[in-house]
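*Asks:* When the letters of the sequence shown are read in order and numbered with our numbering, they come out as residues 919 to 1012.
Calculated from the structure, these hints are not laboratory results.
It cannot be assumed that every hint is accurate.
Taking CB as the label site, the calculated pair distances span [what the hints assert, rightly or not]:
hint: 1; residue 1: Pro994; residue 2: Phe934; range: 10 to 20 Å
hint: 2; residue 1: Leu974; residue 2: Asp938; range: 23 to 33 Å
hint: 3; residue 1: Ile985; residue 2: Ile964; range: 18 to 28 Å
hint: 4; residue 1: Glu941; residue 2: Gln987; range: 17 to 27 Å
Built from N, CA and C at the ideal position, the CB exists for glycine as well.
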Amino acid sequence: MLPSIGYFRLVPLHSFAIVDSVEWPDIVLKEAGQETTVTDLDSVVIAGFYGANDDLVDTIDPAGDAIYQVGDVVAPRTVVEAVHESGSSPESCE
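Build out the structure end to end from the sequences listed, making use of the hints.
*Replies:* As structure tokens, this is what we get:
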């Protein structure tokens, strides 16, 4: 178990790992050809490559509810920027 600091808990970082299988709350990662099992998880944050992808926006019929672009649809983001943006006003697709 990793130590807690106030309300925050230190978490392990697995750079360049691929999720091989999930049996919640455990996951198996592949890192540099080796399998690593991470157990007793509360949550998982998967951060991929930086690249905007608005393909889905182009296929959704905007009739009805408003559609808002956030995250990588607007522009490539880091996890920190995406979390910060989640509390901001979204950009409308209209």
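*Asks:* Hints broken by the structure, by number, lowest first?
*Replies:* Going through the list in order, the structure violates hint 4 alone and respects the others.
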